[in-house]
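With our numbering applied, the sequence shown corresponds to residues 59 to 416, in that order.
Since the hints were made in silico from the structure, they are not lab data. Check before you lean on any hint, since a few could be wrong.
[To be verified] With beta-carbon atoms standing in for the labels, derived distance ranges:
#1 95 / 167: 30 to 38 Å
#2 110 / 268: 29 to 37 Å
#3 416 / 224: 29 to 37 Å
#4 128 / 411: 41 to 49 Å
#5 98 / 416: 31 to 39 Å
#6 264 / 131: 28 to 36 Å
#7 411 / 126: 28 to 36 Å
#8 93 / 219: 49 to 57 Å
#9 202 / 132: 42 to 50 Å
#10 148 / 411: 17 to 25 Å
#11 248 / 93: 20 to 28 Å
Here a beta-carbon is modelled for each residue, glycine too, at the ideal position from N, C-alpha and C.
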Amino acid sequence: MTRRKFIFSLFGSVGSIISGFGILDYMKNMKKIFKSDYFVNGKFRNKKPVRIMNKGTNFDTAKRWLFDKNNTSPKKELYFDADKISTKPSDDLKIMWTGHSSIYIEIQGKRFFCDPVWSMHLSPVRFGGPKRFFKNPLNKNNIPDLDGVLISHDHMDHLDKSIVKYLSQKGIPFYVPIGVDYILKAWGVPQIQIFAASWYDSILIDDSIKLTSLPTIHFSGRGLFDRNKSQWTSWVIEGKKEKLYFGGDGGYHDDFKKIGEEYGPFDVTFLEIGAYDKNWDKIHLGPESAAQAHMDLKGELLLPIHWGTYDLAIHPWNEPVERIIKTAAKNQINLCLPKPGQLLSENHFMVNSKWWKA
Numbered sequence: 059m060t061r062r063k064f065i066f067s068l069f070g071s072v073g074s075i076i077s078g079f080g081i082l083d084y085m086k087n088m089k090k091i092f093k094s095d096y097f098v099n100g101k102f103r104n105k106k107p108v109r110i111m112n113k114g115t116n117f118d119t120a121k122r123w124l125f126d127k128n129n130t131s132p133k134k135e136l137y138f139d140a141d142k143i144s145t146k147p148s149d150d151l152k153i154m155w156t157g158h159s160s161i162y163i164e165i166q167g168k169r170f171f172c173d174p175v176w177s178m179h180l181s182p183v184r185f186g187g188p189k190r191f192f193k194n195p196l197n198k199n200n201i202p203d204l205d206g207v208l209i210s211h212d213h214m215d216h217l218d219k220s221i222v223k224y225l226s227q228k229g230i231p232f233y234v235p236i237g238v239d240y241i242l243k244a245w246g247v248p249q250i251q252i253f254a255a256s257w258y259d260s261i262l263i264d265d266s267i268k269l270t271s272l273p274t275i276h277f278s279g280r281g282l283f284d285r286n287k288s289q290w291t292s293w294v295i296e297g298k299k300e301k302l303y304f305g306g307d308g309g310y311h312d313d314f315k316k317i318g319e320e321y322g323p324f325d326v327t328f329l330e331i332g333a334y335d336k337n338w339d340k341i342h343l344g345p346e347s348a349a350q351a352h353m354d355l356k357g358e359l360l361l362p363i364h365w366g367t368y369d370l371a372i373h374p375w376n377e378p379v380e381r382i383i384k385t386a387a388k389n390q391i392n393l394c395l396p397k398p399g400q401l402l403s404e405n406h407f408m409v410n411s412k413w414w415k416a
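Use the sequences and the hints to build the structure in full.
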């Protein structure tokens, strides 16, 4: 099958795509995918080849998953209620972590949500897959008017179909990696609300906020047959005063230093510390590598994400935060550990809520 025919078969019939996107949008998106240096033989790839699972570890992983899992979820039900968000967005930086990798941000009078996830189960079916330890503390009806939703990649713990469809009805723009735009379009999100970016692309919003898509080491796919059909990314959110780095998902890589030198320093970095394992250490950071990445990025404050919300690995559910506390102290890293739903304001970011101990 030729490369072009492969793309047509991947995203549906030519007629349905053209009728949904418009011929100019369709050709523009295809051109962007074909031009990507990281799209080879019909799939996106990392800058350097990595294995998702280390060679020869499948049996070991299955055995430990069945017999060695201990304390991978809280012993009791957790509940959090989000702080009230002002009707008018602030010019000062405000941040709310609502669990896992979902981050609400107010910056320079604009409002963004990174990887918003509300689903109680990570599965195509309603009651299957890993269950949230707690409901999202922010009622979706209380989500303020947003200036954009940023998506890092298409995995179900980062791209939530139900909340995407809900927010799309409000006319909110979505900023996504190339390939994810086709997923959103299939879900009914209007093309005019979708902005797809390849690595190193920048998008300027009202001459005040610049979003830049940058490489990370990971993979994509929501099912059995769509592995690496869309790109994965990290985002730089740059205002006139503050600069933020949202890492999404991914393992440690040399580009953290390059990003720190070219785009840093960063006022806040959001880096994953959970869902790690020795058998897939190339595609997830874990606490110690997150600390190193934060220092490479020239970050001022580290707010850990991707932990304490879903059972996605073999380690105890609260181990990531205990390890990052020790690592941060050793490396003199400023750490921010809010409870889910806590709205953080400028000059009050250095918090350690210890909610996981309650």
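Results of checking the hints against the structure:
1. Checked against the given bound of 30 to 38 Å, the beta carbons of residue 95 and residue 167, roughly 36 Å apart, stay inside it.
2. The hinted range of 29 to 37 Å is satisfied by residue 110 and residue 268, whose Cβ atoms lie roughly 32 Å apart.
3. Residue 416 and residue 224 have their C-beta atoms about 30 Å apart, which keeps the hinted 29 to 37 Å range intact.
4. Judged by the Cβ atoms, the range 41 to 49 Å given for residue 128 and residue 411 is violated: they are separated by roughly 25 Å.
5. Between residue 98 and residue 416 the beta carbon distance is about 48 Å. The supplied range of 31 to 39 Å is therefore violated.
6. Checked against the hint of 28 to 36 Å, the C-beta distance between residue 264 and residue 131 comes to roughly 42 Å, which is inconsistent with it.
7. Distance hint check: the CB atoms of residue 411 and residue 126 are about 30 Å apart, consistent with the given range 28 to 36 Å.
8. The hinted window of 49 to 57 Å between residue 93 and residue 219 is violated, with their beta carbons roughly 29 Å apart.
9. Between residue 202 and residue 132, the C-beta spacing of about 29 Å breaks the proposed range 42 to 50 Å.
10. In this structure the supplied range 17 to 25 Å holds for residue 148 paired with residue 411, their Cβ-Cβ distance being about 21 Å.
11. Between residue 248 and residue 93 the Cβ separation comes to about 25 Å, which falls inside the hinted range of 20 to 28 Å.
Of the hints listed earlier, those the structure fails to meet are numbers 4, 5, 6, 8, 9, in rising order.
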